[in-house]
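Q: Sequence:
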Amino acid sequence: MLPLLLLASFAADLPAPATDIAPKSGSATVVLAGGCFWGIEGLFEHVKGVKQAVSGYAGGSASTANYEAVETGTTGHAESVRVTYDPAQISFGKLLQVYFSVAHDPTQLNRQGPDSGTQYRSAIFYAGEDQKRVAEAYIAQLTASGAFKKKIVTQVTPLAGFYPAEDYHQHFLAKNPSNPYIVYNDLPKLQHLKKQFPELWK
1 MLPLLLLASF
11 AADLPAPATD
21 IAPKSGSATV
31 VLAGGCFWGI
41 EGLFEHVKGV
51 KQAVSGYAGG
61 SASTANYEAV
71 ETGTTGHAES
81 VRVTYDPAQI
91 SFGKLLQVYF
101 SVAHDPTQLN
111 RQGPDSGTQY
121 RSAIFYAGED
131 QKRVAEAYIA
141 QLTASGAFKK
151 KIVTQVTPLA
161 GFYPAEDYHQ
171 HFLAKNPSNP
181 YIVYNDLPKL
191 QHLKKQFPEL
201 WK
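Number 202 marks the last residue of the sequence shown (the numbering used here); no jumps.
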C-alpha cells in the first residue's frame with residue numbers, strides 16, 4: 001500500500017484532444033518540459049508506444065547545456081525530456097493528454113512542486129507544424145472546457161536544439177525508486193498513469 005503522502009500529488013481527468021496527427025509508420029520525437037526531468041522521463045518510460053525517453057536541456061545554447069549552469073536559471077534552458085515514440089502505437093495527441101493529465105501541473109508558472117525557476121517551466125518544444133497545431137489546439141480545448149481552474153501557462157515553442165543531460169540523470173527514477181524526492185514527487189505520477197491510462201501502462 002502506498003503511503004498517504006503519495007495521494008496528494010497533481011492529476012487531472014482530461015478529455016482526449018479533438019485534433020490530432022494521423023497515425024504513420026516509423027518514429028517521431030517531441031521534447032517536453034514540466035519540472036524536474038527525472039519524473040517526466042520516468043513516467044514516459046512506462047507509456048506503451050514510447051521507444052525512448054531521454055533527460056536533457058532545451059531552450060538555450062550548447063555552451064550552457066550542463067546541470068550546473070542550467071540550475072542557475074539564467075541559461076534559457078528548461079529541464080526537458082526527448083520522447084521518441086511510434087505514431088502507429090500512440091498518437092502525439094495521446095502523449096499530450098498524458099503530459100497534461102499526470103506528468104505535471106501546467107498551471108504552475110516557472111515552477112513545479114518544490115522546484116522553482118524558469119528551468120522548471122512547462123513547455124512543449126515542437127518538431128514541426130503539425131505538432132504545433134495540435135498542441136495549441138489542445139491547450140485551447142482545455143481552456144475552453146474549464147478543465148483547469150487556473151490559466152494554462154505551457155509554452156509552445158519550436159525546438160532549436162536538445163542536449164542530453166549527464167549520465168547520472170538518465171533513468172534516475174528507475175535506478176533510485178527509494179530516493180525521497182522520487183518517492184514524494186514522482187512515484188505518484190506512475191500511480192496516476194496506471195489508474196487513468198491502464199491501457200497505456202507498460
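Worth flagging that the hints you see were computed from the coordinates, not collected in a lab.
Hints should not be assumed to be uniformly reliable.
Stated by the list, open to error - Dumping the calculated SDA-like pairs for lysine to any residue here, alpha-carbon to alpha-carbon at most 25 Å: (1) K202 x Y168; (2) K195 x G93; (3) K51 x S63; (4) K149 x L190; (5) K48 x E71; (6) K194 x Y67; (7) K132 x Y168; (8) K48 x K150; (9) K24 x R133; (10) K51 x K150; (11) K150 x A12; (12) K202 x E71; (13) K48 x A11; (14) K51 x S116; (15) K132 x Y181; (16) K202 x Y181; (17) K132 x A174; (18) K51 x E71; (19) K202 x A12; (20) K48 x A174; (21) K195 x Q89; (22) K151 x Y168; (23) K51 x T143; (24) K24 x I90; (25) K51 x W201; (26) K175 x T19; (27) K150 x G161; (28) K51 x H169; (29) K202 x A22; (30) K195 x T157; (31) K194 x E71; (32) K51 x A144; (33) K149 x S178; (34) K24 x Q89; (35) K151 x K51; (36) K202 x H169; (37) K51 x T157.
Stated by the list, open to error - Restraint ranges, calculated between C-beta atoms of paired labels, are given here: (38) P198 x T64: 29 to 35 Å; (39) K149 x Q191: 36 to 42 Å; (40) Q155 x Y67: 30 to 36 Å.
Just so it is clear, the structure is predicted and the values come from calculations on it, not from any experiment.
By construction, the Cβ of each residue, glycine as well, lies at the ideal position given by its N, Cα and C atoms.
Q: Taking the hints in turn, state whether each one holds.
A: Against the structure, the hints come out as follows:
1. Between K202 and Y168 the alpha-carbon distance is near 23 Å, which keeps this suggested pair within the 25 Å criterion.
2. For the hint linking K195 to G93, the alpha-carbon distance of about 19 Å falls within 25 Å, and the restraint holds.
3. A C-alpha spacing of about 28 Å is found between K51 and S63, which places the hinted pair above 25 Å, so the restraint is violated.
4. The hinted pair formed by K149 and L190 meets the criterion: a straight-line CA distance of about 24 Å does not exceed 25 Å.
5. In summary, the hint linking K48 to E71 is not supported, as the alpha carbons are separated by about 31 Å, beyond the 25 Å threshold.
6. With a CA separation close to 31 Å, the supplied pair K194 and Y67 exceeds the 25 Å bound.
7. Our distance criterion of 25 Å between C-alpha atoms is broken by K132 and Y168, whose separation comes to about 31 Å.
8. Annotation: proposed proximity of K48 to K150 is violated, straight-line Cα distance about 30 Å (limit 25 Å).
9. The suggested pairing of K24 with R133 holds, with an alpha-carbon distance near 17 Å, which does not exceed 25 Å.
10. At most 25 Å may separate the alpha-carbon atoms for a hinted pair to count; K51 and K150 exceed this at roughly 33 Å.
11. A threshold of 25 Å between alpha carbons decides the hint, and for K150 with A12 the separation of about 13 Å falls inside it, so the pair holds.
12. Only pairs whose Cα atoms come within 25 Å are accepted, and K202 paired with E71 is rejected, the gap being roughly 32 Å.
13. Proximity of K48 to A11 is assessed by CA-CA distance (about 19 Å); at most 25 Å being required, the pair is judged to hold.
14. For the given pair, K51 sits about 30 Å from S116 by alpha-carbon distance, which is inconsistent with the 25 Å threshold.
15. The hinted pair formed by K132 and Y181 fails the criterion: a straight-line CA distance of about 32 Å is larger than 25 Å.
16. Taking the CA atoms of K202 and Y181, the gap is about 23 Å. The hint holds against a cut of 25 Å.
17. The suggested pairing of K132 with A174 is violated, with an alpha-carbon distance near 31 Å, which exceeds 25 Å.
18. A C-alpha spacing of about 28 Å is found between K51 and E71, which places the hinted pair above 25 Å, so the restraint is violated.
19. Under the criterion of a C-alpha separation no larger than 25 Å, the hint pairing K202 with A12 is consistent with the structure, at around 21 Å.
20. Of the supplied pair hints, the one linking K48 and A174 holds, its CA atoms being roughly 16 Å apart against a limit of 25 Å.
21. Of the pairs offered as hints, the one joining K195 and Q89 holds, with about 20 Å between alpha carbons and a cut-off of 25 Å not exceeded.
22. The straight-line distance between the Cα atoms of K151 and Y168 is roughly 34 Å, outside the 25 Å bound, and the hint therefore fails.
23. Our distance criterion of 25 Å between C-alpha atoms is broken by K51 and T143, whose separation comes to about 30 Å.
24. Straight-line distance between C-alpha atoms of K24 and I90 comes to about 10 Å, which keeps the hinted pair within the 25 Å bound.
25. Of the supplied pair hints, the one linking K51 and W201 holds, its CA atoms being roughly 13 Å apart against a limit of 25 Å.
26. About 36 Å separates the Cα atoms of K175 and T19, which puts this hinted pair outside 25 Å; it is violated.
27. Between K150 and G161 the CA atoms are separated by roughly 30 Å; this puts the pair beyond 25 Å, and the hint is violated.
28. Note on K51 and H169: the hinted pairing holds, with a Cα-Cα distance of about 18 Å set against a maximum of 25 Å.
29. For the proposed pair K202 and A22, the alpha carbon gap of about 23 Å is at most 25 Å, so the pair holds.
30. With a C-alpha separation of about 30 Å, the suggested pair K195 and T157 falls outside the 25 Å cut-off, and the hint is violated.
31. Taking the CA atoms of K194 and E71, the gap is about 31 Å. The hint is violated against a cut of 25 Å.
32. Using a Cα cut-off of 25 Å, the hinted pair K51 and A144 is violated, with the two alpha carbons roughly 33 Å apart.
33. Proposed proximity of K149 and S178 is contradicted: the alpha carbons are some 33 Å apart, above 25 Å.
34. Of the pairs offered as hints, the one joining K24 and Q89 holds, with about 9 Å between alpha carbons and a cut-off of 25 Å not exceeded.
35. The suggested pairing of K151 with K51 is violated, with an alpha-carbon distance near 32 Å, which exceeds 25 Å.
36. With a C-alpha separation of about 22 Å, the suggested pair K202 and H169 falls inside the 25 Å cut-off, and the hint holds.
37. Taken as a hint, the K51 and T157 pair is honoured in the structure, with Cα atoms around 23 Å apart against an allowance of 25 Å.
38. Separated by about 40 Å at the C-beta atoms, P198 and T64 break the suggested range of 29 to 35 Å.
39. Distance hint for K149 and Q191: a CB-CB separation of about 23 Å, inconsistent with the stated range 36 to 42 Å.
40. Between Q155 and Y67 the Cβ separation comes to about 21 Å, which falls outside the hinted range of 30 to 36 Å.
Violated hints, in rising order: 3, 5, 6, 7, 8, 10, 12, 14, 15, 17, 18, 22, 23, 26, 27, 30, 31, 32, 33, 35, 38, 39 and 40; the structure is consistent with all others.
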